[in-house]
Structure formats: C-alpha cells, structure tokens
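K.L.:
Sequence:
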Amino acid sequence: MNACDNTQQDNSTTAIVEKTDKKLENQSSEKRENEITLDENRGFQQVPLEDLTNIASYDQPRIQFLWIPPHEKNRRQLTLWSIKLDGSDLRQVATAEELYGDYRHSVVVSSKPVRSPNNRYIIYTFISDKKRIVLLDLASRERNVIDEGVASAHFTWYPDSQRVIINRAYETKVFSLKTESLSIVEHQKNAGLYLINEGKHFFAIKKGKYTVYDLLFNEVKFGSFDYLPQSLLHLNSVSEDGRYLAFGYDLLDLETKQHLTTLSDSPILGIHENWIFISRNGFQRININTQKVEQVFTAPAGGSGRKGVTLYNL
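The opening residue of the sequence shown carries number 1 in the UniProt record's numbering; numbering runs sequentially from there.
There may be inaccurate statements among the hints.
What the hints assert, rightly or not - Pairwise CB distance ranges, derived in the manner of DEER restraints: (1) T179 / A151: 21 to 29 angstroms; (2) G282 / K221: 24 to 32 angstroms; (3) G208 / L49: 37 to 45 angstroms; (4) S266 / K178: 35 to 43 angstroms; (5) P70 / K221: 45 to 53 angstroms.
Honestly, the hints are just simulated from the structure, not real lab data. Every value quoted in this text rests on a predicted model; they were computed, and no experiment measured them. Each residue gets a CB set at the ideal place from its N, CA and C atoms; glycine is no exception.
Build the full structure now, drawing on both the sequences and the hints.
P.N.:
Printed below as a string of structure tokens:
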C-alpha cells in the first residue's frame, strides 16, 4: 500500500467519524427538544385548578381566557384558564367536562365566559344542537343550564353576585341564584351593560349615545358620540370608572373626548386603570399615557385559542 492509499483511507475514516458524530449530535439535540416538549406538556397537565380558598391567587386582578394548551389532544376543545395581570399564577379554571358535560365533543362557545364579582360563578353560552346558557359554580363544580335561545346574549352581574342580567336583541332577563329562577324585565335595547364605579352603576351605549344607570335602571348620566363614526360603536370593554371605552382597536377617553386610534394594532381585550390588554404571543399590556408595552404572558408553542378574554377580581 502506497502513501496515497494511506491518505485516502485516513480521509475516509475521518469522514465516517465526523458523519457519526454529527448523527449523534442531531439525535442528542432532537432528544433534548423532545424532553423540553415533554416537560412543557407535563407542566401544563399539572397546572392546578383555580382555588377560591387560595387568597394569594386574588391579590391582584386576573385575566380569564378560553384556550387550547399544548398537551391537549383535541385541538377543537377550548378549556378555561386564568392568570394574574402580571402573568404569574397560571391556573385552569374549568375542564372541558365541567364546561360542556356530555356535549364536550361537539360544542362551540358563543359568548365570553363572565365571572361574578365574588369570583365564584361563571356564566357563558355554548352551542351544540342549540344554544344553552350555562351557570358554573366553581365552589361545588356544578353546572346548570339556566336558559336556551337562538340569539346571542350579553351577561352582566349585579355587584352582590346573586343576580345576573341576560340581555339579548329581543329580550332582557334576570336570573336569581337564590331562587334559581328567571324573570323577564324591561328590555334594555343596547349593546350590553357594563358594571362600573365599584358596582354602583351600569354603563350602556345605543345608537351613538351612552347612558349611565343606577342598579334600578334610572338614568344618572348620558351623552353622545357625535364626534365618532357609527362604524366604531361596537363596544367591547369599559374601564372600572367608566372613563375609557374600547371599540375594537380604538380607545375613547370620555373625560377628554380624546380618540386614540394608534395605541394598539390588535383588538383591545380589557382595560384596567391606565393599561389596555391585547393578545399578541400571549398577552401584552400597553400604558395609555406613555404607550409603554409590556409582555404579560408568553404563550408556549403548540397552544392555540386565547378567546373569550375578560378581566375579573377587579
């Protein structure tokens, strides 16, 4: 064997070793990625249920949202989750079985699940063969269908958490938790009622005007939106003091009459104090005064949804 043959053999051996090392490196990298994914999935499977008796979970407002977490095999099945406003303390509020019962394999949630002021109850609508309005008690984990209908509903709790208003396009009802009964009241022909001013008033808009009611629906204050186009008047959130109104991507300051159109490039999900909350790679908050943006919660890869977002424990 000559020197040339030895050189070729050495090069061939080196190439085989390098190829083997590269294969082992790829396998190791793939194993690490799989381990990370498995750890994430195990982590989300072990997220505890929200516990009403855990005082530490309620030391600040929370964000409630429908979501499909990474580990969920049924990619059409939204479950209910919550986090604190600072992005900590992720909890599962309710499982699919608790939310939908026997209908959980073929159901669509058609309204935002709305939490009662005392955090115990959630009211929402789901569609299977028909629309059902459901009340879920997080203390007893019991679910009750309280009404049915064809039109979408907007839900507003009274501050005592013992009554909830069900407002549809054609009627308004009040459900009493004490008597477990529905009563028809004077129809509130508006786009929905929002509890403001520490539970003392309701806020509503209709046909370019806004009205503030007391809890007996007596008018306390009213005004108009003559300076805004009608196309914007689709209210989806009101600040606790009634000052800020969110119309899709836009924010209106009722105090200064300022119309903020460039604050957010995503729909505004909620307002708390001087912050608006939007969904982007999880949740972000934007300061109304400084326009400072902060990432609140980063959604892990593989999850989807984050619908029906509301703020509670305000």
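K.L.:
Hint by hint, say whether it matches the structure.
P.N.:
Okay, the hints, checked on the actual structure:
1. T179 / A151: 21 to 29 angstroms: holds, 24 angstroms
2. G282 / K221: 24 to 32 angstroms: The hinted range 24 to 32 angstroms is violated for G282 and K221, with Cβ atoms some 37 angstroms apart.
3. G208 / L49: 37 to 45 angstroms: Since the Cβ atoms of G208 and L49 sit about 44 angstroms apart, the hinted range of 37 to 45 angstroms holds.
4. S266 / K178: 35 to 43 angstroms: holds, 40 angstroms
5. P70 / K221: 45 to 53 angstroms: The hint (45 to 53 angstroms, Cβ to Cβ) holds, given that P70 and K221 are roughly 47 angstroms apart.
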